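Peer 1: Respectively, the protein sequence lines represent chains A and B.
When we follow the working numbering, the leftmost residue of the first sequence carries the number 1, and every step to the right adds one.
When we follow the working numbering, the leftmost residue of the second sequence carries the number 335, and every step to the right adds one.
For the record, the hints were derived by calculation from the structure and aren't laboratory data.
Keep in mind it's a predicted model, so treat the numbers as computed, not measured.
The C-beta atom is built at its ideal place from N, Cα and C for all residues, glycine as well.
Don't take every hint at face value.
Residues of chain B placed beyond 10 Å of chain A at every Cβ, according to the derived structure [unchecked claim]:
(1) Ala531
(2) Pro573
(3) Leu586
(4) Ala606
What follows is a list of derived Cβ distance ranges for each label pair [said to hold, decoys possible]:
(5) Pro64/A x Ser416/B: 19 to 25 Å
(6) Ala231/A x Asp665/B: 25 to 31 Å
(7) His494/B x Pro64/A: 51 to 57 Å
(8) Ala502/B x Ala48/A: 46 to 52 Å
(9) Pro43/A x His626/B: 42 to 48 Å
(10) Ala600/B x Ala231/A: 33 to 39 Å
(11) Pro338/B x Arg209/A: 33 to 39 Å
Listed below are the residues making up each chain.
Number of protein chains: 2
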Amino acid sequence: MAHPVTLLGEAQLRALVPLDLAAIDQVEAAFASLATDAVAMPPILNLALPERHGEVDVKTAYLPRFDSFAIKVSPGFFDNPSLGLPSLNGLMLVLSARTGLTEAVLLDNGYLTAVRTAAAGAVAARRLARTDARRAAIVGAGEQARLQLDALRLVREITHVTVWARDAARAARFAADVRAAHGIDAIVARSVHAALADADIAVTTTPSREPLVHAEDLHPGLHVTAMGSDADYKTELAPSVFGAARYFCDRLQQVRVAGELAHAIAAGAVAADAAFPELGAVIAGRCAGRTHADDITICDLTGTGAQDTAIAVLALQRARAAGAGTIFHNDLTT
Amino acid sequence: MAHPVTLLGEAQLRALVPLDLAAIDQVEAAFASLATDAVAMPPILNLALPERHGEVDVKTAYLPRFDSFAIKVSPGFFDNPSLGLPSLNGLMLVLSARTGLTEAVLLDNGYLTAVRTAAAGAVAARRLARTDARRAAIVGAGEQARLQLDALRLVREITHVTVWARDAARAARFAADVRAAHGIDAIVARSVHAALADADIAVTTTPSREPLVHAEDLHPGLHVTAMGSDADYKTELAPSVFGAARYFCDRLQQVRVAGELAHAIAAGAVAADAAFPELGAVIAGRCAGRTHADDITICDLTGTGAQDTAIAVLALQRARAAGAGTIFHNDLTT
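Looking at chain A on its own, in the form it has when it is part of the complex:
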C-alpha cells in the first residue's frame, strides 16, 4: 500500500502562499480558535548546539477545526552567513489529524513563518488599531519590518511611514524602498520617540535586548504591535508601558515566560499572575478590543504553533487545488 506525501519547495510555497488577505484571515481564524476551541499546543522543544553556534526549535499545535496539523522545525545557525547561507531556515511537516500519516513536507526555509508572523501583525492592527489609522511607525528595518508594513497596508490605508533602526543606513534604504515600491511618504526618524510621535500604528520588529519603547513614547490613539521578542532575553517594551496602555497578547502563558510581559513581571511592574486578554478572545468577541479612539493599545506577539498549523494547512490546500508539488509515494507495511 502506498501513501502519497506532497513535497513543496520554497519557490513553490512563495507562489502558493503570498502575504494576502486570505493568509491574514487564516491566521485570524487560528487566533480565534486558540481562544475558543480545545487547541492542543505543547511547550516549544528547544535543542541547543552551542559548540555549533546553533539551535533548533520545534513547535506544533492541533486545532480541532483543521483535519491536519503542522510540526515546524526552525533551526538557527549563526555561522551560516560566513558560508553564504541564511542563519534561519527550516521546514514544516503536515500530518493528518485523523491518522497521523505525513501528508506533506513543506521545505519553506522559514518563508511560511515569515508570512504567518506578518499576518499576525495585520490581525492585531485590524482588531486593535483605529479604523482611520493612516500613519505607521516601523522600528527595525529587516525582513519582518518590510513584511509587517506590507501586512498593515492590507488592513489599513497607510499613507505615511516613519522608520527607525539602529543601523541608520539600513533605515534609509528601507524608507527609499517603501517610497519606490508603494509611492507613499516614508522617512527615517532619529529616535524611536520621534518615529512614534505622529503614528497611529507602530510595529516593533527587532531582536533588541534593551527596551526601545517607553511609556513616554506613547500617545492617545496609538496602537503598538511588538513582534520582536520571542525569548526571555529579548525585549522591545519597557515595563513602564504596562501602566500606560491596554496590553493584549497572542498567548498569555507564552508571553509570561518569553514575551514583553516576562520582563514587566521580572521588573515588578506587573504581578506574576496578572491576566491579560488574548488577541483571539477579542476576535471571538469574548473580550473588548479598542473601545475608544483615544485608547492606547499594545499587542505582544511571540508566535504560536497555531499560526504554523493555520498557514501550513492553507499551503497544502492551495497546493492540492493547483496540482502543485512533487508526490512521493511512500510504502506502508501494515
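Got chain A sorted already, so can you dock chain B onto it with the hints?
Peer 2: This is chain B only, laid out in the frame that chain A set:
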C-alpha cells in the same frame, strides 16, 4: 541556489538498514556518547489529540561525534486499524549539525525506531549478559519480541527460546515461527516465572500496566532487558526486583519519570534521588557491568533520541554510498 534533500521511503530504508551488527555497533556508540560527550537531548515534546484518539511524540538529540542529527516524529493513532492502517507510523528528519539545513527526510513509518530499539536490546545483552548465555526468555510476542530475539542472536549463541505472552495463541505462533525460521528450540511457557526459570537472558517487550517480573522470578546469572515501558503508566518489573538485581538504564533522568524506576520510586522501594549506572557508562568503561557469572542484572530501556540520531545517520550514510533515494532540489533564497 539549490540545496539537495534526500527522500527515502520505508522499503528503501528496510533494505539499507537491516538489523545487523553494524546497526548494533552504531547504537552502542550512541550510548557511549551519551555517557561521555556533551550530548544535547531535550525532553520529549508530546502533542495529545484525545478527541482523535491520537498523540505525537517528537524526540531529538545532538551527538557531537556526528555532523548530522535527527528529529523524530512518532504519531500513534489508535483508530487506524479500523481504517486498515497501522497505529504507529512516523518519520525522521536529518539536519546538518553545521548549518541546520535539512539533509534527508526518512519516511520510515517507524521502521528505524524498531531497529534501533532492538539494537539497544542487543547492546544491553552484549554488555551485561553472561558471555556463555544460550537460553533466552521472551515476554510478549509482538514485532519487538521477534526483533529482540533476532538482535540477541547477533550477540549471543542462542540455542533455546521460551516465550510467554498474555495471548497464548500468539505465543504459540511466535514459537513455531522461531523454530521454522532459525531451527532452534522454542517453546511456550505457561507463566512468566516458568519462562524465566531456565533462562540466561530475558527480554520483556510488552506495554503492560501491571508488573510481570517479580524478585522471585530472578535467579543467579540471569540478565533481564525490560524494553516495554516508555511512559509512566507502563511497567513490566515489580519494585521488588530493585532489591534483588543490579539495575542499569539507558538514561537515568528518563527512567526516573517514564521507566521502571519511576514505579519503584512511587512504591517507596527506591529513593527518588538514587543513582544507577547508565548502559553508556558501562560501554565507556566508566562503570562496572557484570562482574560475576552469578550477578543478576537488569537493563531498563526507554528509548532515547540519541539512538534515533545514530540510526538516522547510518541510514543516510548508506543511502549516499548506494546512491539510493530521491533527491529533491530545494531552492534557498539567501
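Peer 1: For each hint, tell me whether it holds in the structure or not.
Peer 2: Each hint tested on the structure:
{"no.": "1", "hint": "Ala531", "result": "holds (36 Å)"}
{"no.": "2", "hint": "Pro573", "result": "holds (31 Å)"}
{"no.": "3", "hint": "Leu586", "result": "holds (20 Å)"}
{"no.": "4", "hint": "Ala606", "result": "holds (24 Å)"}
{"no.": "5", "hint": "Pro64/A x Ser416/B: 19 to 25 Å", "result": "holds (21 Å)"}
{"no.": "6", "hint": "Ala231/A x Asp665/B: 25 to 31 Å", "result": "holds (29 Å)"}
{"no.": "7", "hint": "His494/B x Pro64/A: 51 to 57 Å", "result": "holds (53 Å)"}
{"no.": "8", "hint": "Ala502/B x Ala48/A: 46 to 52 Å", "result": "holds (49 Å)"}
{"no.": "9", "hint": "Pro43/A x His626/B: 42 to 48 Å", "result": "holds (46 Å)"}
{"no.": "10", "hint": "Ala600/B x Ala231/A: 33 to 39 Å", "result": "holds (35 Å)"}
{"no.": "11", "hint": "Pro338/B x Arg209/A: 33 to 39 Å", "result": "holds (37 Å)"}
Checked against the numbered hints above, the structure breaks none of them.
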